[in-house]
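A.B. asks: Full structure from sequences and hints, please.
Chain by chain, the residues:
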Amino acid sequence: MTVTFSTPTLETERLILRAPALTDFDVLADFYASPRAEFVGGPQSRELSWRNLALEAGHWVLRGFGRWTLVEKTTQNPVGIVGLWHPEGFPENELGWDLFDGATGKGYATEAAIAARHYAYDTLGWTTLTSLIAIGNDGSRRVAERLGATYDSDFTHERFGPMQLWRHPGPEALT
Amino acid sequence: MTGITDHIPTLETERLVLRAPSRADFPAFAAYCASPRATFSWGQIGADRAWAEFAAAIGSWSLMGFGAWSIEDRATGTYCGEILLQHPAHFPEPELGWTLMEESEGKGIAYEAAVAARDWFTANHGDKSLVSYITPGNTRSEALATRLGATHDPDAPLPDGETANETAVYRHRRAA
Chain W
41 MTVTFSTPTL ETERLILRAP ALTDFDVLAD FYASPRAEFV GGPQSRELSW RNLALEAGHW
101 VLRGFGRWTL VEKTTQNPVG IVGLWHPEGF PENELGWDLF DGATGKGYAT EAAIAARHYA
161 YDTLGWTTLT SLIAIGNDGS RRVAERLGAT YDSDFTHERF GPMQLWRHPG PEALT
Chain S
701 MTGITDHIPT LETERLVLRA PSRADFPAFA AYCASPRATF SWGQIGADRA WAEFAAAIGS
761 WSLMGFGAWS IEDRATGTYC GEILLQHPAH FPEPELGWTL MEESEGKGIA YEAAVAARDW
821 FTANHGDKSL VSYITPGNTR SEALATRLGA THDPDAPLPD GETANETAVY RHRRAA
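Quick mapping for you: the protein sequence lines, in order, are chains W and S. In terms of my numbering, the first sequence opens at residue 41 and continues consecutively. In terms of my numbering, the second sequence opens at residue 701 and continues consecutively.
Since the hints were made in silico from the structure, they are not lab data. Keep in mind that the hints are not guaranteed to be accurate.
Said to hold, decoys possible - Across the chosen pairs, the derived CB separations fall in these ranges:
| no. | chain 1 | residue 1 | chain 2 | residue 2 | range |
| --- | --- | --- | --- | --- | --- |
| 1 | W | G165 | S | G703 | 17 to 23 Å |
| 2 | S | Y811 | W | P75 | 31 to 37 Å |
| 3 | S | R840 | W | T144 | 48 to 54 Å |
| 4 | S | A843 | W | T144 | 50 to 56 Å |
Said to hold, decoys possible - Among the chain S residues that face chain W by a calculated CB cut under 10 Å, a handful are:
| no. | residue |
| --- | --- |
| 5 | P709 |
| 6 | R719 |
| 7 | D748 |
Just so you know, even glycine gets a beta-carbon here, dropped at the ideal spot from N, CA and C.
C.D. replies: Listed below in structure tokens is the structure:
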């Protein structure tokens, strides 16, 4: 007997959203070791980067949803991680995005987040969705604004500290 | 919809079922992580870190094709702990590890689960070596490794950043 679990693949104009994989490790470790990881608990060691990658995969099994690795169609390179997130200690289901070095400024976070949000509403049947944004993470806040999300409330995370909870438009507002 | 499908096998032993971990197992696992019993593994950690470790050990299945099982008592359905095959980037080779709830101690449960996990690994990943990393002074784990037929390998490479004062390598024997 086995337990089988599946991670769907999504596609947007410029990106493939696929399950996190072993081949993502080096670029993910570079991201977590870089200053770009300051709002997600970084900079972090290779040991913790591995834990984070395995956690991305395990989240799908435990919750039935999770985050995808974004693959740039033109280069086949992994350029970020975006998707649906609810680890222990988060107040609600979250839509989250992390872009790797060199992938910012192209609208990839927004493009992938729109696809992930459609999946949450249309396939999973969710009725609301939030994003946690660290104080001072202006790039992430701008993505939230582009997605039509608005400030909801303050939240303090056990490790990440003070954050803002932003709320996305519900499924009825997007149709 | 296309995608990727992974499998977690279920193993049965005389008294135990080794099965995919589930959310229902997490409260007991988190309580263990917050207790002094976690001193030899992660140190005492909060629920946020515990969930990350719990989920990562499951995610290993999709990354590596091996990972964690929850140990369940066949007769009572009780969650007894976790048996784990892992090979994170900072380990030189794959590791067999165990986490046992206090009330499941002293019954040979970890031994029975470890034999099943080790033999499954040999059957399915027999081209790879297998060790257990044990903190010197963790006498229960040292005794279990010895009972499994593993022997201390003082020449084996250690996980990145660790010293022989912190970690001893026990090498598991190849199944016949």
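A.B. asks: Look at each hint and say if it fits the structure.
C.D. replies: Here is what the structure says about each hint:
1. G165/W with G703/S: 17 to 23 Å: holds (18 Å)
2. Y811/S with P75/W: 31 to 37 Å: violated (47 Å)
3. R840/S with T144/W: 48 to 54 Å: holds (49 Å)
4. A843/S with T144/W: 50 to 56 Å: At 53 Å between Cβs, range holds.
5. P709: Holds, about 5 Å.
6. R719: holds (7 Å)
7. D748: Interface hint status for D748/S: holds (4 Å vs cutoff 10 Å).
Against the hints set out earlier in the document, a violation occurs for number 2 only.
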